[in-house]
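As you go down the protein sequences, you meet chains W and R in turn.
Counting in this note's numbering, the first sequence tops out at residue 327, every number present.
Counting in this note's numbering, the second sequence tops out at residue 343, every number present.
Among the hints, erroneous ones may be present.
For each label pair, taking beta carbons as the anchor points, the in silico distance ranges come out as [said to hold, decoys possible]:
| id | chain 1 | residue 1 | chain 2 | residue 2 | range |
| --- | --- | --- | --- | --- | --- |
| 1 | W | I317 | R | G310 | 22 to 32 Å |
| 2 | W | T183 | R | A73 | 50 to 60 Å |
| 3 | R | L339 | W | P162 | 54 to 64 Å |
For the record, the hints were derived by calculation from the structure and aren't laboratory data.
For glycine and all other residues, C-beta sits at the position ideal for the given N, C-alpha and C.
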Amino acid sequence: MKRNAALAALLLGFSAVATSAPAFADTTITAAGSTALLPLVKDAAAAYQQAHPDVKISVSGGGSGTGINQVVAKAIDIGDSDILAPTHPELHDSRVAVIGFAIVTHPGVTVKSLSKTQLQGIFSGKTTNWKEVGGPDQKIVVINRPRSSGTRAVFTKTVMGSTPISESGLTEDATGTVVSVVKQTPGAISYAAFSGTRGAGLNELAVDGVAPTDDNIIAGKYPVWSYEHMFTNGAPTGEVSRFIAFVQSNSELVRKDGFILIRDMKVKETDR
Amino acid sequence: MIAEQARRSHRNERIALTALRFSAAFVIAAMGALLLYLSAEGTKTFFVDRFSLLTFLFSPEFSVENNHPGAAVFVVGTLAVTLFAIAVGGPFGVAVGIFLSEIAPYRMTQVLKPAIEVMVGIPSVVYGWLGLTLLVPLIRTHTSSPSGFGLAAAGIVLAIMILPTVITLSEDAFRSLPPALKEGSLALGATRWQTITRVLLPSAASGIAVALILGIARAVGEALAIQMVIGNASQFPQGLFAPTATLTTEIVTDMPGATAGTLLEHALFSMAFLLLLIAMILIVFVRFALRKRT
Numbered sequence: 056m057k058r059n060a061a062l063a064a065l066l067l068g069f070s071a072v073a074t075s076a077p078a079f080a081d082t083t084i085t086a087a088g089s090t091a092l093l094p095l096v097k098d099a100a101a102a103y104q105q106a107h108p109d110v111k112i113s114v115s116g117g118g119s120g121t122g123i124n125q126v127v128a129k130a131i132d133i134g135d136s137d138i139l140a141p142t143h144p145e146l147h148d149s150r151v152a153v154i155g156f157a158i159v160t161h162p163g164v165t166v167k168s169l170s171k172t173q174l175q176g177i178f179s180g181k182t183t184n185w186k187e188v189g190g191p192d193q194k195i196v197v198i199n200r201p202r203s204s205g206t207r208a209v210f211t212k213t214v215m216g217s218t219p220i221s222e223s224g225l226t227e228d229a230t231g232t233v234v235s236v237v238k239q240t241p242g243a244i245s246y247a248a249f250s251g252t253r254g255a256g257l258n259e260l261a262v263d264g265v266a267p268t269d270d271n272i273i274a275g276k277y278p279v280w281s282y283e284h285m286f287t288n289g290a291p292t293g294e295v296s297r298f299i300a301f302v303q304s305n306s307e308l309v310r311k312d313g314f315i316l317i318r319d320m321k322v323k324e325t326d327r
Numbered sequence: 050m051i052a053e054q055a056r057r058s059h060r061n062e063r064i065a066l067t068a069l070r071f072s073a074a075f076v077i078a079a080m081g082a083l084l085l086y087l088s089a090e091g092t093k094t095f096f097v098d099r100f101s102l103l104t105f106l107f108s109p110e111f112s113v114e115n116n117h118p119g120a121a122v123f124v125v126g127t128l129a130v131t132l133f134a135i136a137v138g139g140p141f142g143v144a145v146g147i148f149l150s151e152i153a154p155y156r157m158t159q160v161l162k163p164a165i166e167v168m169v170g171i172p173s174v175v176y177g178w179l180g181l182t183l184l185v186p187l188i189r190t191h192t193s194s195p196s197g198f199g200l201a202a203a204g205i206v207l208a209i210m211i212l213p214t215v216i217t218l219s220e221d222a223f224r225s226l227p228p229a230l231k232e233g234s235l236a237l238g239a240t241r242w243q244t245i246t247r248v249l250l251p252s253a254a255s256g257i258a259v260a261l262i263l264g265i266a267r268a269v270g271e272a273l274a275i276q277m278v279i280g281n282a283s284q285f286p287q288g289l290f291a292p293t294a295t296l297t298t299e300i301v302t303d304m305p306g307a308t309a310g311t312l313l314e315h316a317l318f319s320m321a322f323l324l325l326l327i328a329m330i331l332i333v334f335v336r337f338a339l340r341k342r343t
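Work out the full structure, taking the sequences as your base and the hints as a guide.
Structure (structure tokens):
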């Protein structure tokens with residue numbers, strides 16, 4: 056009997072803690088999706104919560120598709136995505152930043168620049184040896200992202216055009232994995248967001264002679280870039296819209312995490 | 050006082066039985082819900098997107114962007130990897146099972162058995178990681194494979210992962226044989242090797258079959274560990290050292306980006322449903338083998 060009483064007291068104590076917890080945060084915002092955008096959302100959430108202690112923001116990854124799915128299902132407030140969601144017209148698109156993507160190779164590959172045509176040859180499986188594009192006599196190991204990946208969609212659109220990507224390449228499902236596999240595999244080539252390639256020690260290729268830098272993207276010279284999107288179910292309101300505005304305008308965080316401010320862009324494109 | 054105690058124990062018994070019934074009902078309900086959901090989602094490729102089952106099972110072209118959900122590559126990939134794993138891990142596992150039950154001294158089994166149990170407890174992501182950091186570079190440097198990823202790497206990782214299942218179950222199969230079999234054989238002058246190969250092995254055949262089938266089930270169902278080393282290329286296996294993909298690795302690779310309601314999502318659910326059907330068929334085989342034994 057005594058034990059039961061103790062148990063009851065314990066349960067009562069837990070429930071008291073559980074019910075009192077939300078008193079600290081009046082508003083809870085949930086965001087999930089793109090792993091490319093994740094570093095920025097995480098840092099922005101931390102900074103925003105510090106400035107607004109009454110707001111709690113929970114951030115997770117899962118991929119662009121997950122972000123869109125969850126926000127369509129109203130399971131979360133904000134769905135982070137590298138790609139547009141044309142099949143879901145009910146979603147409201149807030150562009151928060153621009154991200155560049157670098158074509159990267161194993162550090163041992165001596166090639167420094169490739170034309171779009173050469174890249175199309177490599178990724179479509181026609182070019183299989185580095186010596187065909189001015190490199191050493193070494194097999195090319197192509198590493199792709201999955202067909203549902205936002206990064207792959209950007210690469211396909213901006214580099215491949217109508218040339219299909221060959222299915223014989225390896226596929227790795229995250230930016231981090233791509234970077235480490237390229238680094239350990241001689242002759243490897245892939246593509247990844249600047250936020251993942253910066254400081255990774257990989258060989259970053261120029262495309263048609265244009266180096267993959269923020270300045271070249273801003274000036275409209277380097278083609279492989281995309282907008283990062285925060286989708287909400289209908290136009291954002293209240294604290295959610297204030298948080299999105301905070302992410303868009305926080306130049307310090309945007310630059311620190313390898314992104315580019317939208318307002319800096321000299322070129323504007325509607326369909327990215 | 051005694052009446053009070055009797056009443057109380059009677060009440061406790063009722064509560065306990067209700068709890069047991071409730072647990073059983075819950076499991077049945079959960080299983081039913083899972084089956085219903087998977088069959089509803091897994092058949093949308095056919096009923097919503099109107100593709101034929103033949104296209105899904107036998108077409109090698111999996112390009113949902115071109116409206117073509119052929120999963121033959123992944124079906125063949127699953128078969129190839131499983132076959133590799135069971136061909137390498139199966140005989141080895143049964144051999145260790147025989148060793149543990151018939152040959153190993155008691156002290157040794159006391160060390161080996163916990164070691165095998167630990168192998169079961171190691172998460173599959175750890176196996177995959179070891180494969181990625183040890184096996185893949187090894188294959189890359191010692192074969193013509195430029196990357197090291199592929200069928201062989203996945204098959205070896207899987208062969209190791211199914212070992213505990215095969216070892217434990219085949220050991221059980223030998224231990225559950227009546228002792229008179231072995232004693233009779235030895236008494237008739239057969240050597241230990243003759244006893245094992247001519248008397249015990251045939252008698253334990255159905256138990257070994259169960260061990261192998263459950264090893265196959267484990268191999269078919271494993272996803273994460275082989276996804277890390279197989280290369281995930283949507284092409285038929287082009288050789289032992291070329292990258293390919295399986296049903297499970299394809300689901301793991303493309304699931305995070307699959308938007309709800311798209312053909313890609315439906316096709317992935319169809320693959321999940323197919324895996325469930327394969328698991329069911331394997332369990333039917335197990336039942337069949339067990340019935341034969343009794």
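Going through the hints against the structure:
no.: 1; hint: W:I317 / R:G310: 22 to 32 Å; in the structure: holds, 29 Å
no.: 2; hint: W:T183 / R:A73: 50 to 60 Å; in the structure: holds, 59 Å
no.: 3; hint: R:L339 / W:P162: 54 to 64 Å; in the structure: holds, 56 Å
In this structure, every one of the numbered hints holds.
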